[in-house]
Amino acid sequence: MYSEIYNNLFTNGLFGILLTIAAFKIGLVINKKTKLVICNPLLIAIIVVIVFLVITGIKYEDYYIGGEMFQFMLTPATVAFAIPLYRQMSILRKNLWAILISVFCGCLSCTMTIFILSKIWNISDVVFYGLMPKSVTLAIALGITEELGGLSGVTCVGVVVSGIIGAAFVTVFSKIFKIDNKIALGLSVGTATHAIGTSRAIQLDELVGAMGSLSIVIAGVMTVVIVPIVSSFY
Amino acid sequence: MDYLMQFGIIIGISFFGTFLNSIIPLPVPGSVWGMIVMFILLCFKVIKLEQVEKAADFLLSIMTVMFVPVGAGLITSYGAIKSEIFKIFGVIIISTVISFFITGKVAQFIINMQKGGRK
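From first to last, the protein sequence lines are chains E and G.
For the first sequence, our numbering assigns the number 642 to the last residue and increments by one with no breaks.
For the second sequence, our numbering assigns the number 111 to the last residue and increments by one with no breaks.
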């Protein structure tokens, strides 16, 4: 009797979709109430889903039947990134070399740091592959992890934590590192801390935000090229 | 109807991107191929901004929610990474700070150099 109800309710996709949306709503509300960067809506939503599944004992595989619907949408959403990139063509043209060279240096230094630290600390292959694309936006990062065969859970943590670091410390970093040019600051935020950092940067300054969203896409594409080359040496 | 057609175009290009991923032997995800194709089509005005804009903005605005199921997938891989959790956080934090520093400094250097050149 119980297992029949369980099968009817929880192994159809609706449950997964509902829990995902509800968890995200909780994340948004808590974020708005507390106004703390650490209370990132995505982070809270992930915790809510995990806690819910652990408490109720519902299997992750059953949740994922509906959850998969969202993950499926990631490919078209990544394709949609071409639209904001196209809208910012004029800024891109004007600062083409500064953007391309600095974003390239940022991506390379990020992957090299991960490579060196992973070697020193003896981190296992699957975790290393999962960490490699961690500074780019999650849709692209997950694609890279999948191509390499890394743990997507690690990628997710890496991407979210990097983003939160960016959102929390943009102004602090800009002061300590003396990055006072708005274009340069935007590129830093977008390259190192992708969309989560940029969403905070937009609130600070429009130009910083625009450069941020531009570099999210460029860093994503460059990382796609850099990561397989660097990780082939691991 | 408008939305449906816009989605149709985006899904069509995603499909083509996945196709490119399977025939080109490079580790480039299909989604990134699709993004490049979409950008080229926009630049050559084969697709007009109005034909995809609404659906694209909608997809981008709900994008964060799409990551929740993947993130929650951490419960299935937690056992495998438990022993390395501190190292993982160390790598994430250090590499983020270094990449932030390098990108900004390099960009600032080039921008200042270009300004100096114009004087």
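In short, the hints are calculated from the structure, not lab data.
Heads up, the beta-carbon is just placed ideally off N, CA and C, and yes, glycines get one too.
Incorrect hints may have been included.
[Stated by the list, open to error] Pairs of lysine-lysine residues, derived as DSS-like cross-links and limited to a Cα-Cα distance of at most 30 Å, are as follows:
| no. | chain 1 | residue 1 | chain 2 | residue 2 |
| --- | --- | --- | --- | --- |
| 1 | E | 502 | E | 440 |
| 2 | E | 502 | G | 40 |
| 3 | E | 527 | G | 79 |
| 4 | E | 586 | G | 37 |
| 5 | G | 74 | E | 433 |
| 6 | E | 590 | E | 443 |
| 7 | G | 37 | E | 440 |
| 8 | E | 586 | G | 46 |
| 9 | G | 107 | E | 502 |
| 10 | E | 467 | E | 433 |
| 11 | E | 590 | G | 74 |
| 12 | G | 79 | E | 586 |
| 13 | G | 97 | G | 107 |
| 14 | E | 433 | E | 586 |
| 15 | E | 586 | E | 443 |
| 16 | E | 433 | E | 443 |
| 17 | E | 433 | G | 46 |
| 18 | G | 79 | E | 583 |
| 19 | E | 527 | G | 40 |
| 20 | E | 467 | G | 107 |
| 21 | G | 97 | E | 527 |
| 22 | G | 79 | E | 590 |
| 23 | E | 433 | E | 583 |
| 24 | G | 107 | E | 583 |
| 25 | E | 502 | E | 586 |
| 26 | E | 502 | G | 46 |
| 27 | G | 97 | E | 467 |
| 28 | E | 502 | G | 37 |
| 29 | E | 440 | E | 583 |
[Said to hold, decoys possible] Counterexamples of contact, computed for chain E against chain G with all Cβ distances above 12 Å:
| no. | residue |
| --- | --- |
| 30 | 415 |
| 31 | 417 |
| 32 | 444 |
| 33 | 471 |
Here is how each hint holds up against the structure:
no. : hint             : result
1   : 502(E) to 440(E) : violated, 37 Å
2   : 502(E) to 40(G)  : holds, 23 Å
3   : 527(E) to 79(G)  : holds, 11 Å
4   : 586(E) to 37(G)  : violated, 41 Å
5   : 74(G) to 433(E)  : holds, 29 Å
6   : 590(E) to 443(E) : holds, 24 Å
7   : 37(G) to 440(E)  : violated, 41 Å
8   : 586(E) to 46(G)  : violated, 39 Å
9   : 107(G) to 502(E) : holds, 13 Å
10  : 467(E) to 433(E) : holds, 22 Å
11  : 590(E) to 74(G)  : violated, 40 Å
12  : 79(G) to 586(E)  : holds, 29 Å
13  : 97(G) to 107(G)  : holds, 15 Å
14  : 433(E) to 586(E) : violated, 37 Å
15  : 586(E) to 443(E) : holds, 26 Å
16  : 433(E) to 443(E) : holds, 15 Å
17  : 433(E) to 46(G)  : holds, 23 Å
18  : 79(G) to 583(E)  : holds, 28 Å
19  : 527(E) to 40(G)  : violated, 48 Å
20  : 467(E) to 107(G) : violated, 59 Å
21  : 97(G) to 527(E)  : holds, 27 Å
22  : 79(G) to 590(E)  : violated, 33 Å
23  : 433(E) to 583(E) : violated, 34 Å
24  : 107(G) to 583(E) : holds, 22 Å
25  : 502(E) to 586(E) : holds, 23 Å
26  : 502(E) to 46(G)  : holds, 27 Å
27  : 97(G) to 467(E)  : violated, 47 Å
28  : 502(E) to 37(G)  : holds, 21 Å
29  : 440(E) to 583(E) : holds, 27 Å
30  : 415              : holds, 20 Å
31  : 417              : holds, 18 Å
32  : 444              : holds, 17 Å
33  : 471              : violated, 7 Å
Against the hints set out earlier in the document, violations occur for numbers 1, 4, 7, 8, 11, 14, 19, 20, 22, 23, 27, 33.
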